[in-house]
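Using the sequences plus the hints, can you model the full thing?
Protein chains: 4
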Amino acid sequence: MLKTISVTQENTCLSLCDRYQQVRQLSQQLCQPLATEDYAIQSMPDVSPPKWHLAHTTWFFETFLLVPYLKGYELFHPKFGYLFNSYYEAVGERHPRAQRGLLSRPTVAEVYQYRDYVDAGMRSLMLEISGNSDLESLITLGLHHEQQHQELLLTDIKHILGMNPLRPAYLQNPLSAISKFPENREKWLDYPGGLQAIGHQNREFAFDNESPRHQVYLQDYYLASRLVTNGEYLEFIEAGGYNKPEYWLAEGWTTIQAEKWFAPFYWEKIDGVWWIMTLYGMQPLNENEPVCHVSFYEADAYASFRGLRLPTEVEWEVAASSVPIKGNFVETGRLHPTVASGVTRPDQMFGDVWEWTQSAYLPYPGFEVADGAIGEYNGKFMCNQMVLRGGSCATSINHIRSTYRNFFPPSARWQFTGIRLAKY
Amino acid sequence: MLKTISVTQENTCLSLCDRYQQVRQLSQQLCQPLATEDYAIQSMPDVSPPKWHLAHTTWFFETFLLVPYLKGYELFHPKFGYLFNSYYEAVGERHPRAQRGLLSRPTVAEVYQYRDYVDAGMRSLMLEISGNSDLESLITLGLHHEQQHQELLLTDIKHILGMNPLRPAYLQNPLSAISKFPENREKWLDYPGGLQAIGHQNREFAFDNESPRHQVYLQDYYLASRLVTNGEYLEFIEAGGYNKPEYWLAEGWTTIQAEKWFAPFYWEKIDGVWWIMTLYGMQPLNENEPVCHVSFYEADAYASFRGLRLPTEVEWEVAASSVPIKGNFVETGRLHPTVASGVTRPDQMFGDVWEWTQSAYLPYPGFEVADGAIGEYNGKFMCNQMVLRGGSCATSINHIRSTYRNFFPPSARWQFTGIRLAKY
Amino acid sequence: MLKTISVTQENTCLSLCDRYQQVRQLSQQLCQPLATEDYAIQSMPDVSPPKWHLAHTTWFFETFLLVPYLKGYELFHPKFGYLFNSYYEAVGERHPRAQRGLLSRPTVAEVYQYRDYVDAGMRSLMLEISGNSDLESLITLGLHHEQQHQELLLTDIKHILGMNPLRPAYLQNPLSAISKFPENREKWLDYPGGLQAIGHQNREFAFDNESPRHQVYLQDYYLASRLVTNGEYLEFIEAGGYNKPEYWLAEGWTTIQAEKWFAPFYWEKIDGVWWIMTLYGMQPLNENEPVCHVSFYEADAYASFRGLRLPTEVEWEVAASSVPIKGNFVETGRLHPTVASGVTRPDQMFGDVWEWTQSAYLPYPGFEVADGAIGEYNGKFMCNQMVLRGGSCATSINHIRSTYRNFFPPSARWQFTGIRLAKY
Amino acid sequence: MLKTISVTQENTCLSLCDRYQQVRQLSQQLCQPLATEDYAIQSMPDVSPPKWHLAHTTWFFETFLLVPYLKGYELFHPKFGYLFNSYYEAVGERHPRAQRGLLSRPTVAEVYQYRDYVDAGMRSLMLEISGNSDLESLITLGLHHEQQHQELLLTDIKHILGMNPLRPAYLQNPLSAISKFPENREKWLDYPGGLQAIGHQNREFAFDNESPRHQVYLQDYYLASRLVTNGEYLEFIEAGGYNKPEYWLAEGWTTIQAEKWFAPFYWEKIDGVWWIMTLYGMQPLNENEPVCHVSFYEADAYASFRGLRLPTEVEWEVAASSVPIKGNFVETGRLHPTVASGVTRPDQMFGDVWEWTQSAYLPYPGFEVADGAIGEYNGKFMCNQMVLRGGSCATSINHIRSTYRNFFPPSARWQFTGIRLAKY
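Residue numbers (UniProt numbering), protein chains in the order written: chain A, 1 to 424; chain B, 1 to 424; chain C, 1 to 424; chain D, 1 to 424.
I should point out that these hints are in silico values taken from the structure, not numbers from a laboratory.
Hints should not be assumed to be uniformly reliable.
Any copy, or any two copies together, can satisfy a pair, since identical chains are not distinguished.
[What the hints assert, rightly or not] Taking lysine-lysine pairs in the DSBU-like style, the calculated list, with each CA pair at most 35 Å apart, reads: (1) K326 - K187; (2) K244 - K269; (3) K269 - K326; (4) K260 - K244.
Following this line, the structure appears as structure tokens:
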């Protein structure tokens with residue numbers, strides 16, 4: 001059903017209007033396989049109902065573009081600002097996050113009407129403001145914001161269906177098997193240390209948290225040529241990894257005890273055989289695929305078990321900066337990590353799964369928060385989160401960069417998150 | 001929309017099959033005004049999603065009638081037993097109650113298919129077993145069980161819509177105003193004490209908790225001629241009732257402090273004016289209507305404020321036993337309490353709102369629990385609950401009796417619950 | 001150490017002043033075996049630190065007697081009212097109950113000074129008011145209040161020491177073994193039904209909740225001749241009683257699942273052998289002693305397991321009214337239940353363990369709450385509690401009556417609570 | 001009372017045995033002002049009862065030195081390992097942290113006996129092992145461990161007394177007023193960037209988390225010449241800082257809303273005047289003293305309010321490496337921050353209050369965890385904590401270094417924590 005996605009990868013040459021159209025359309029396309037009932041569920045506090053994502057991304061354009069800049073614009077509904085603001089304190093009161101799943105209204109149909117109404121407004125606005133680079137930047141930000149929510153849409157849908165005892169599938173076509181996988185263990189790629197620079201530097205769009213570009217001093221280091229696989233992670237499980245505190249950060253150990261974690265999220269052992277929940281429903285565990293849906297705690301513990309470590313975000317970015325951006329992104333329609341190619345160069349750096357780093361999410365030297373509500377976008381989350389790099393099978397290819405900094409609390413598991421090892 | 005309900009009140013002469021048809025149909029009729037999205041919401045742990053009620057009442061017939069007694073019956077779905085068992089421990093594992101709102105699947109359409117499938121099975125079974133009084137009793141129990149869930153359907157729908165910041169209406173027609181209300185205060189009806197008998201005694205259907213009929217010794221007592229009104233309860237609020245611990249049971253005081261209660265549930269003061277949420281959406285408070293959606297704590301505190309008390313369930317039943325069963329039931333389609341008629345005899349004893357008594361829900365002398373899962377129906381809840389009597393505007397007229405014992409924890413407010421005063 | 005207690009059992013002939021002296025002294029005598037550190041611990045929210053009991057009972061006399069009635073009385077400390085008020089809303093703000101164990105100050109020595117100071121004031125007051133029966137009644141209430149706290153002192157000390165992994169003993173002398181126990185099962189004592197009266201009727205002191213005396217109508221019934229023993233209760237455990245929902249009230253089943261209860265409180269199975277924590281430290285389980293430290297849920301489940309039931313408080317009182325008040329009370333110094341005597345008449349009706357009844361704690365017909373703070377004594381707890389009768393090995397003999405109504409929530413286990421069976 | 005402390009600051013020339021004696025003695029000296037009752041209180045989960053600190057530091061020597069290395073050593077008590085292990089998973093089960101305040105036993109006297117017993121053992125061991133540098137290092141680690149607990153002893157005692165409504169004083173002597181304070185605002189000290197090195201490098205004792213020394217690249221930066229004062233922080237409060245989300249990290253904003261924070265910890269506004277709880281009891285707020293008992297969230301929000309930022313730990317260490325270690329440490333006996341000296345060079349870098357940095361607590365490049373239980377000392381906490389630098393008025397002068405990395409979660413406020421500003 002999702003095979004029809006055909007985002008042009010060189011879309012920077014597209015007009016803003018076309019890009020708007022394309023991004024907005026993908027959100028709705030991703031929801032096509034859903035039943036009406038699926039749109040309203042919040043299966044845990046971190047998850048938002050799909051219709052909330054559809055409405056919230058629309059509210060962003062309405063609030064930051066149409067209300068201030070489109071003459072004569074009238075709000076679609078006076079209460080939608082209250083319902084669909086996520087966390088922008090500067091924009092006023094909002095519905096409590098944990099209660100997003102208690103809202104049967106507005107209905108799905110009304111949310112689609114809201115999207116159409118705002119899209120019409122945006123088309124008018126984009127015609128009017130052509131060449132106004134500040135507003136175009138703001139629209140571009142709104143599109144990247146929506147692309148972030150597209151990834152959340154997929155991970156949240158997976159959670160909503162995965163928590164259902166019926167384990168329904170989102171995709172009806174079979175998950176294509178990919179059997180190639182030549183090597184037994186990762187290879188080690190050698191990177192020289194010394195003074196390096198990281199951070200965003202060109203005129204393309206990037207989030208504020210990627211700037212300023214700045215120098216850093218690095219030790220020599222090695223990165224694994226590919227991601228850790230399910231089969232490798234299984235060795236950790238079978239060696240009693242979840243019962244041995246010596247591998248775990250104190251908070252990690254407390255968490256796996258409290259939450260009774262015994263394997264990555266979505267793994268189930270049924271009659272002695274490991275299965276995993278996927279967007280294709282329940283599938284037997286493929287040992288060659290990258291391990292996915294692990295927390296930072298598990299990534300770190302696995303590295304300890306191996307006597308290795310996770311890369312820092314600096315090490316990752318320096319290595320990634322010379323790697324072309326291609327891989328298993330949302331555009332492939334697979335929506336599931338795939339096996340490594342077996343090449344002896346950095347493989348799977350982009351796409352497949354977000355890679356946990358050992359770097360806390362902190363401001364770069366000289367980071368400045370933007371003024372107003374938009375300034376709440378990134379900076380205010382710089383506490384108690386870890387950086388992830390590289391994008392996943394649910395990320396749009398034109399959304400990712402080697403400088404892109406994703407971040408989640410160390411306990412988060414419902415995103416497509418995995419492990420690449422490092423060592424000195 | 002609900003005006004088309006035309007349940008014959010003398011339906012005891014109906015065949016079982018007709019009664020089955022009628023009761024099952026009403027459940028679906030009550031859901032007609034819902035949007036698909038409304039069916040899956042659980043707005044608090046006590047509330048069940050409407051589709052859960054539709055499926056659970058169906059599961060009852062499937063589990064206790066079709067599986068054991070209909071030859072060749074095949075389950076509609078192997079997991080529905082897990083999903084739609086409410087609390088019958090003897091029937092096996094079940095989905096956690098507080099997670100009923102996390103289930104987008106089965107869809108509403110699938111739940112209706114489940115109902116059709118089971119109804120077809122039940123028609124076959126009823127033909128086969130005609131005259132088997134044990135099975136007919138069990139079916140009758142299933143129908144009364146479904147009638148209880150019809151009341152919950154309405155109170156849960158009210159809660160689902162009432163918690164939504166959009167405050168949507170379930171009924172689109174206007175709430176008809178009824179202005180008659182001749183008296184200022186309740187009148188007092190005098191009842192002699194002495195030896196009396198309460199409990200069920202004839203061959204009609206009744207729940208096990210209404211038996212055995214037994215003698216009790218009563219003091220002389222008075223009951224108020226009618227229910228306490230919104231206007232009277234407002235006097236309590238305006239006299240600072242929610243800030244004065246002397247009126248409250250210790251648990252009640254703790255509860256109103258912790259929950260920040262300041263008025264009955266569904267009351268909102270907007271710009272200095274009281275409004276209440278109803279199935280017709282937000283309505284201005286009508287001071288002549290009976291106060292509704294109060295907890296036992298509030299009912300008891302109001303009685304203390306008046307220097308009076310709540311009746312015992314014995315006093316209520318003795319008084320009610322000579323009152324004809326008529327009033328504002330679900331069949332009127334009003335679905336909202338209405339004002340008293342002003343007569344000087346027990347008024348509003350049946351219908352309008354359930355009346356809190358000062359009696360804890362306990363077994364009658366000689367009460368016996370039935371064998372098997374059906375025995376879990378009533379007896380196991382005889383702890384920390386208070387008895388309510390008389391039915392409400394959401395109750396079916398052929399479901400209620402003067403001996404009927406409803407019960408809820410003293411903090412429950414989302415049912416149609418109100419107050420009748422008593423004194424010695 | 002407690003052997004020196006020698007309360008005269010006919011102390012009604014004592015002067016008020018002597019009774020005051022005697023009761024106040026016993027509180028301190030009960031604390032003699034404590035280390036200073038034991039006085040300040042709150043091992044669960046229901047428990048109060050021993051020094052809190054010593055201070056709170058003193059605060060009662062200071063607040064309700066000395067402040068209003070002793071001319072020129074000055075408060076011992078301006079903040080003690082805040083610290084040592086238990087729940088009297090009318091007397092003002094108070095320290096949160098669950099935080100009583102966070103107070104190292106006032107020190108134990110200061111609390112004893114507070115007692116001495118108030119006792120001196122009370123001696124002056126008692127001389128002044130001789131013959132003022134209202135104040136004498138209030139003092140008598142204060143003494144009975146202190147006797148209630150003496151029982152709590154013992155059960156709280158038991159809990160404080162029992163939760164300590166070192167399991168220290170409160171009493172250093174050995175627990176005397178009592179081996180007599182002639183019978184295998186309880187005998188059944190037959191009581192005729194009909195109109196009976198219960199409630200307090202003479203001029204002796206009684207709490208307000210025992211009045212007014214009133215008529216009740218009873219079925220014929222049987223009471224067990226003695227309490228259920230540890231050995232009998234062990235049969236229930238060994239028959240899987242804690243794993244079979246059919247024996248349990250719904251709330252009871254939820255509670256034992258959530259709390260992981262598998263036996264009465266203070267029972268521990270060590271290397272396959274049952275031990276119980278006592279005020280003598282850990283002791284092997286004596287199967288002939290009455291089972292103790294069970295909740296109402298467990299008492300009710302045990303009765304279900306036996307196909308029997310608990311008595312109502314009316315049945316118990318009618319039977320107890322002709323039984324002389326003697327038994328294993330605090331004055332024996334044993335502070336632990338003892339085995340039945342084997343006689344064929346109501347045995348162990350008083351002392352040993354409080355007996356759970358199947359009666360919820362509710363007002364008697366015509367019950368009136370006293371004015372002012374004293375009126376908060378009993379009435380406001382009449383919700384979600386069950387009645388217990390007969391006193392325990394931690395009760396003073398001159399504190400108990402056949403009409404005495406103790407009450408606790410159905411989940412309470414840290415009191416000396418046990419089981420007497422009944423049937424029709 | 002604490003004036004008698006006279007730790008020699010050049011104690012590196014002391015023999016190990018003398019240093020052992022000196023450190024162990026200080027722990028007991030710090031407890032001298034306590035009442036017996038104060039030793040057992042745990043006023044919040046982060047706080048440990050003073051007697052627990054006394055016993056836990058002793059358990060460290062018993063477990064890691066005496067048991068493995070002192071021939072014939074017998075445990076003081078078989079259960080003390082269970083009671084006084086803090087978090088060493090490798091050493092076995094332990095008493096739950098949040099229940100440390102439920103233990104009246106062992107008594108304070110028994111804990112002091114335990115200390116004497118272990119001290120005697122340690123004296124024997126130290127004689128035996130003279131010259132064994134591995135064991136001497138382990139003993140030195142144990143002494144630094146005890147010094148850390150000495151700081152916690154003081155902050156926990158302050159919390160225990162500060163939460164008590166009586167607000168008792170720990171120190172009976174008056175808090176000496178220090179009035180000098182010449183400047184209105186901090187001055188800015190200029191530091192050049194470029195390649196720098198941080199981390200421990202000599203043969204003196206240091207914790208594993210301070211190594212390895214490594215190069216870092218820095219921008220040019222400024223540090224404030226002194227700490228932020230109470231008066232300056234008051235400007236933030238009076239400007240509505242606690243009500244303006246724009247100054248706060250998202251987690252900080254959530255925390256101050258949930259916890260209802262309105263000022264630093266221990267601040268109270270009484271009749272319009274600000275007071276603070278100190279170890280001298282309640283004292284009027286001195287606007288010239290450094291602000292203390294702020295969380296990282298508050299430190300960061302204050303910096304935002306000023307348009308400035310917190311230093312990184314690298315910036316702090318580079319600046320501190322040339323500053324002599326002197327200041328207001330525990331040895332002054334003041335136990336309270338004091339005002340700046342007014343000099344135009346880094347002032348208050350050591351002592352007074354720990355300074356929050358904007359650096360998350362993470363491993364240095366090449367950090368290696370030690371083997372065995374000792375390896376659990378630091379590394380396993382490297383998640384969701386922020387680094388603090390410089391020591392406080394509760395730190396021993398011979399415990400601190402410019403490379404010393406303290407760490408606490410961003411919400412911690414009960415330590416002596418304050419703010420130094422930075423900018424580019």
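Violations among the numbered hints, reported as their numbers in ascending order: none
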